[in-house]
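Q: Residue strings, one per chain:
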Amino acid sequence: MLDALWERRALLVSGKGGVGKTTLAAALARAAVASGRRVLLAEVGVTAEEQDNPSPLGALVGARHVPGPGVLEVSPGLSFVRLSAIEGQRLFLQDVLPLRMMADAAMRTRALRRFLEAAPALREMGVLFQMLHLVRRTRPDGSPLYPLCILDLPATGHALAIAALPDALLSVMPGGPIGRSVREGLALLRDPRLTGALLVTLPEPLPVSETLELATAIQRHRIPIAAGVLNRMPDNPFSPDGRAAVERLLDEHGPHLGQRALGRLDRARTAQARLAGNLSAPLLTVPELPVSGRELVERLATYLTRPTLHPAAPLEGESAGARP
Amino acid sequence: MSLQSLLREKRVLVLCGAGGVGKTTTAAALGVAAAREGRKVLVLTIDPARRLAEAMGMPEGGAEPTSIPPERLHAGREPGPGRLDVWMLDPRVVFERFVRRLSPSPEAARNILENRLYRFLSDLVAGMQEYAAAEALDNFLDEGHYELIVLDTPPSRHALDFLEAPGRLARFLDDRIVSLFLPEEKGRGGRLWRKTSQLLGNVLGSIFGEGFTQEMRTFLGAFSGLFAGILLRADRLRGRLSSPDAAFLLVTSPEGASLEEASFFRDMLREKGLPFAGYVLNRSWAREDGLTSPEALLRHVEDDGAARDGVEALIGLADLERARAEAHRGLLKRLAEKLPAGAVAVAAPEAGGELEDFGGLVRLGDALATS
Chain U
20 MLDALWERRA LLVSGKGGVG KTTLAAALAR AAVASGRRVL LAEVGVTAEE
70 QDNPSPLGAL VGARHVPGPG VLEVSPGLSF VRLSAIEGQR LFLQDVLPLR
120 MMADAAMRTR ALRRFLEAAP ALREMGVLFQ MLHLVRRTRP DGSPLYPLCI
170 LDLPATGHAL AIAALPDALL SVMPGGPIGR SVREGLALLR DPRLTGALLV
220 TLPEPLPVSE TLELATAIQR HRIPIAAGVL NRMPDNPFSP DGRAAVERLL
270 DEHGPHLGQR ALGRLDRART AQARLAGNLS APLLTVPELP VSGRELVERL
320 ATYLTRPTLH PAAPLEGESA GARP
Chain E
415 MSLQSLLREK RVLVLCGAGG VGKTTTAAAL GVAAAREGRK VLVLTIDPAR
465 RLAEAMGMPE GGAEPTSIPP ERLHAGREPG PGRLDVWMLD PRVVFERFVR
515 RLSPSPEAAR NILENRLYRF LSDLVAGMQE YAAAEALDNF LDEGHYELIV
565 LDTPPSRHAL DFLEAPGRLA RFLDDRIVSL FLPEEKGRGG RLWRKTSQLL
615 GNVLGSIFGE GFTQEMRTFL GAFSGLFAGI LLRADRLRGR LSSPDAAFLL
665 VTSPEGASLE EASFFRDMLR EKGLPFAGYV LNRSWAREDG LTSPEALLRH
715 VEDDGAARDG VEALIGLADL ERARAEAHRG LLKRLAEKLP AGAVAVAAPE
765 AGGELEDFGG LVRLGDALAT S
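Chains U and E are the protein sequences, given in the same order.
In this text, residue positions in the first sequence follow the numbering used here: the first is 20, and each later residue adds one.
In this text, residue positions in the second sequence follow the numbering used here: the first is 415, and each later residue adds one.
FYI, nobody ran anything at the bench for these hints, they're computed from the structure.
Watch out, some of these pointers could steer you wrong.
[Claimed, not checked] So the derived label-pair ranges between C-beta atoms look like this:
| # | chain 1 | residue 1 | chain 2 | residue 2 | range |
| --- | --- | --- | --- | --- | --- |
| 1 | U | Asp210 | E | Leu753 | 51 to 59 Å |
| 2 | U | Asp210 | E | Ala477 | 37 to 45 Å |
| 3 | E | Leu606 | U | Asp123 | 16 to 24 Å |
| 4 | U | Glu26 | E | Glu740 | 41 to 49 Å |
| 5 | E | Thr706 | U | Arg293 | 27 to 35 Å |
| 6 | E | Glu492 | U | Ala292 | 38 to 46 Å |
| 7 | U | Asp285 | E | Glu528 | 50 to 58 Å |
| 8 | U | Asn72 | E | Glu528 | 38 to 46 Å |
| 9 | U | Arg241 | E | Glu528 | 24 to 32 Å |
| 10 | E | Glu492 | U | Arg241 | 52 to 60 Å |
| 11 | E | Arg722 | U | Arg293 | 29 to 37 Å |
| 12 | U | Asn72 | E | Leu646 | 26 to 34 Å |
| 13 | U | Ala263 | E | Glu709 | 28 to 36 Å |
[To be verified] On the chain E side, residues computed to face chain U include the following (Cβ under 7 Å):
| # | residue |
| --- | --- |
| 14 | Leu646 |
| 15 | Asp649 |
| 16 | Pro708 |
| 17 | Leu712 |
| 18 | Ala721 |
| 19 | Ala727 |
By construction, the Cβ of each residue, glycine as well, lies at the ideal position given by its N, Cα and C atoms.
Extracted from the complex, chain E is given alone in its bound form (with noise of 0.2 Å):
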């Protein structure tokens, strides 16, 4: 299998990898790709870079998907019915549309919503992203508007955090849990049950003082309507991903890769039951360009010494040059060696530093999808 098919059957690809690989760069080039084959996609990324952001004509921070112009997608050939749009999420526009759905009436929504509590969990990063991500993805996906969706995960140490969030999120809204912050007439359970919620109360009112526990009891009774919702579309998600519709890539670049990373990849996803779709190889210079060596300038040198300096510091570029490219193309075949039957191993080139314009984009999506 080739990239090219996963990007033709595949109606979930999520690229996973540690931050500052080009994960976003590559999620747009491979929608890009698979949009002017034909399909219609969503991109979904969390805080790219502006200038990639710029690239797509993307707004930040937009509440819904943004669609990119089809003279622009399909620039340089016919038209095709394929389509793109692209949304860079914002958690929070996420999580208060999620609050408003799950909440069993619209006073309870506003009760969470205006909550000083909730604007202030939101709006802390740790977890939130890959919560919103996760949510937003399943969200889409029961919509079935798309053919296609290329998720860019939240750069994260590790590649599945994201899929690790909703569960700690259940966690954290256990309702056991949360039941203990609850004032007691509502609560229930016996006299453990009752001292550990005392203790539990004595210490927060010493830790936040009696006026923000109190706050806290209000906020997670009224989340705790919520917590079944939570775990179900968990579920919901999580098989979602486990289907032969879904491909998880990682994308990993030359200086930051590991074999360790790469194997603990595959591993993780096999022990999860997701399936495995394989690596790309970010900005490397694995690809053979087949130009001559410098040394053959030497020879228009002549007399001039700052020529000949000049060409020597060109020789020495060169060979560092090889050196480079011979150690990414080893790292792409140690990445290959053992691929289970489907999974790709590619290496994408090195777009030349940023990414200025769509095409570049467009660019680099026909060299994936072509390798």
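Chain U on its own, in the form it takes in the complex (with noise of 0.2 Å):
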């Protein structure tokens, strides 16, 4: 499965916060790069009062000194970029003024930039200019520079708002500049071949009724999901035989230490298996692991890239989260 996500230009990482989105953006970029694919990471929803802290995600990868709008290569095959909303504006007035001056000379303009920023939808539109912009760049045998985006969509309902962005500006503006970037922006979006959105979640009822709520309006804007990524899921160190030994046990003698993480591994299965069933994508289920941030970043991306994950078959029927 994941060599055919692999095969797409844009993946789209989204998921509520807290969910370990992040990390698994930086650990899917750093496996596409171990599989041989050159790859652009890009970190989105960066306001402008954002842009001068130092980026999570970039100090996932290990890009110290982000330079602003611009792209930074952070080791070989993996690039790193904070998708502005600003950058996208200008690069978007660059497109449709006659002259590039012109661009220059309304970005400068204070009344217009307070526009932008404050005009919720053109903020969204700013960043999707800019990620057609960089997804559209070549080299000079007219081979794609960066053959996959993975994008770290923000927290909370934003990736919504990106999916809904195009109908609603369409709506307003289906003539005009806008509306002919939107198009190019949607044939894109909108291709399950060239994108896809992968929605993390947590092994917990709330978290996966969540996932199923936001696959089924993303659905609804016709963005295609190309998977579920459950992470954190525990690991179940019990035979079917030996669990019921245990149930008998704790029946006679009460309960005892454990019963919580019994409980949790409990409510991870049934969540697993209630994800699954009902998500119209692949799932793809991430042990937990006992560290965090980059350390957590090399083991989730060799744990991505080991060979039992590429079988030929579709990856639900493993029962990852069972004894490894």
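Can you join these two chains into the complex? Each is in its own frame, and there are hints to help.
A: As structure tokens, this is what we get:
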């Protein structure tokens, strides 16, 4: 399944805050590079105020100093960029205005900048436009400069806002340059061979419910879902017989320490089954590992590139989460 | 001070925190606890998970708050004077009311609400949810029907985003900026202003097409009348939230929690002059449950190999559990360090996954109030 993922041009990594989305985006990028792909890893949703703060995603792949909206090669085959609305808006203005000078003058106008910053749709459009611009860039021989872009979308409903944006924009501005560029963006975003959303979630009831709702909403906007990613799946140390015996013993002798962990494990397994059964996309289950930060990124990338994850059969069949 | 005294004394509890930490559940549970203690409470929330809405008996996108039936609220005890209303606010409803209230005339309100752009702007999520939350809170405080309002702020990367929303909206609608978009005869100013306006006209015309720019001008022209009102209300709400009647709590979870986030939150509030009330460490295993170690079970397995393996596995889980609980206790302890007087750091127990019914909220609320 992962090889099929790497064939696309853009992967949109989405999920609620706290599900490990940023770490997974970094690990996926590393894994794709390890499989021989050239990858652009992009952080999305940076507001003007945040642009100067250190980038959490950048730090995870070793990008110490992120040069504003520019692309930084952090290791062979892996580049990093912070998509910025302002940069996208500037590129857009350059595209539609007859003179480059005019675009620069316009972007220097405080009124216009403020307007573009505050109007939410235009911010997301700027991000979309910069992304398109980077996806379209080619090498001298005409092949894409960044064959695979992995985008770490902001937490909360922004993934939906980005998915809903083209429809909203087209409904108010069907013609003109915005309409044109939105149509172009849609052609990319809605083509399942080119784009896929990865919905990251945790093996808990509420996150799974929310992910299933998000999946429905994203599909309504016809953005293809490449896969669900179930993060931090706890290891199941029991054989079926062993588990049954433990249940018997606990019934007879009352609760013991480990109950909470046992409950958590059961909830995780139920959540996994529910997600696999209701999500109309393959499910990739990623184990819970006792490390964090860059070490976690490396361990997850190694996990994602291990050969058993690349069978010809689809991934749902694999009982990840059981004994590795 | 304990969480219980906050619930008894405050008029507004603002729950901040990143998405996914269980903020809405905490808000609901605190509201339930305060109402069972006898106060008239409103829980104001945006976009709760559907199951939680069901547990609360809350219709989605209702135009008014819904009352929890007293027999449910006071289940298992003598009915008290407390009352609990919940409202999952719909930004569109809030915004429309706001336009109607602030518009100088019904015609002016209609001009805004019937503009195609109005739908477009209020449809887009970013910023509008936050604004709607601030607006609704201000409104309910003004009416004074409730003794306590628990506000579940929209999930955001930064805990205090929602406070910035009115400012952002006001900046957007700043009449100096809006006037640049207005038809020339209505505008003011000298040559520089005219030149800027012209440039902007050209740029917007090329970007959006002439028709759209015209539409935008009409819309902003109608909206600019509301500008003074927005600023005034933003100031008033800021004043109310700075008073000792208000309290800000950060909800965080052991997984996502970082001590940096917590101290950032505190500093931010101090900088803004807002009352910091403490932290809720949600879904934590910090509480002792006093259970015996599963090693004791080994005595009972006799020569059953599967049972022995099972118990060994359970012993492994117990070790993990102990380590986790210890980590959570450590986190709680560090959150509690250097707390200012009156602030709390409490651990909310893991509710065992989803709260399936109202009873779960009652239990969680009791656990929080008494910790």
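Q: Determine for every hint whether it applies to the structure shown.
A: Hints versus structure:
1. Range check, Asp210 (chain U) to Leu753 (chain E): Cβ separation about 53 Å, and the 51 to 59 Å hint holds.
2. For Asp210 (chain U) paired with Ala477 (chain E), a C-beta distance near 40 Å keeps the hint of 37 to 45 Å intact.
3. The hint said 16 to 24 Å for the Cβ distance between Leu606 (chain E) and Asp123 (chain U), and at roughly 18 Å that hint holds.
4. Here the CB-CB span from Glu26 (chain U) to Glu740 (chain E) is close to 45 Å, well matched to the stated 41 to 49 Å.
5. Taken as a hint, the range 27 to 35 Å holds for the pair Thr706 (chain E) and Arg293 (chain U), whose Cβ atoms sit roughly 33 Å apart.
6. For the hinted restraint 38 to 46 Å between Glu492 (chain E) and Ala292 (chain U), the CB-CB distance of approximately 43 Å keeps it satisfied.
7. Against the hinted window of 50 to 58 Å, the Cβ-Cβ separation of Asp285 (chain U) and Glu528 (chain E) comes to about 54 Å, which satisfies the hint.
8. Remark: the range hint 38 to 46 Å for Asn72 (chain U) to Glu528 (chain E) is upheld by a beta-carbon distance near 41 Å.
9. Roughly 29 Å separates the CB atoms of Arg241 (chain U) and Glu528 (chain E), a value that falls within the hinted 24 to 32 Å.
10. As the Cβ distance of Glu492 (chain E) to Arg241 (chain U) is approximately 55 Å, the hint placing it in 52 to 60 Å holds.
11. At about 32 Å, the CB distance of Arg722 (chain E) to Arg293 (chain U) agrees with the hint of 29 to 37 Å.
12. Between Asn72 (chain U) and Leu646 (chain E) the CB atoms are about 32 Å apart, so this pair conforms to the stated range of 26 to 34 Å.
13. For Ala263 (chain U) and Glu709 (chain E), the hinted distance range of 28 to 36 Å is not satisfied, since their beta carbons lie about 20 Å from each other.
14. With a cut of 7 Å, the hint placing Leu646 (chain E) at the interface with chain U is violated, because the nearest CB-to-CB distance is about 19 Å.
15. Taking 7 Å as the C-beta cut-off, the interface hint given for Asp649 (chain E) is violated, the closest approach to chain U being about 19 Å.
16. The beta carbon of Pro708 (chain E) comes within 4 Å of a beta carbon in chain U, closer than 7 Å, and the hint placing it at the interface holds.
17. At its closest, the beta carbon of Leu712 (chain E) sits 10 Å from a beta carbon of chain U; the interface hint therefore is violated under the 7 Å criterion.
18. Residue-level restraint check for Ala721 (chain E) holds (minimum Cβ-Cβ distance to chain U is 4 Å; threshold 7 Å).
19. Interface hint at Ala727 (chain E): satisfied, since its Cβ lies 4 Å from the closest Cβ of chain U, which is below the 7 Å cut-off.
Hints 13, 14, 15 and 17, counting from the list given before, are not met by this structure.
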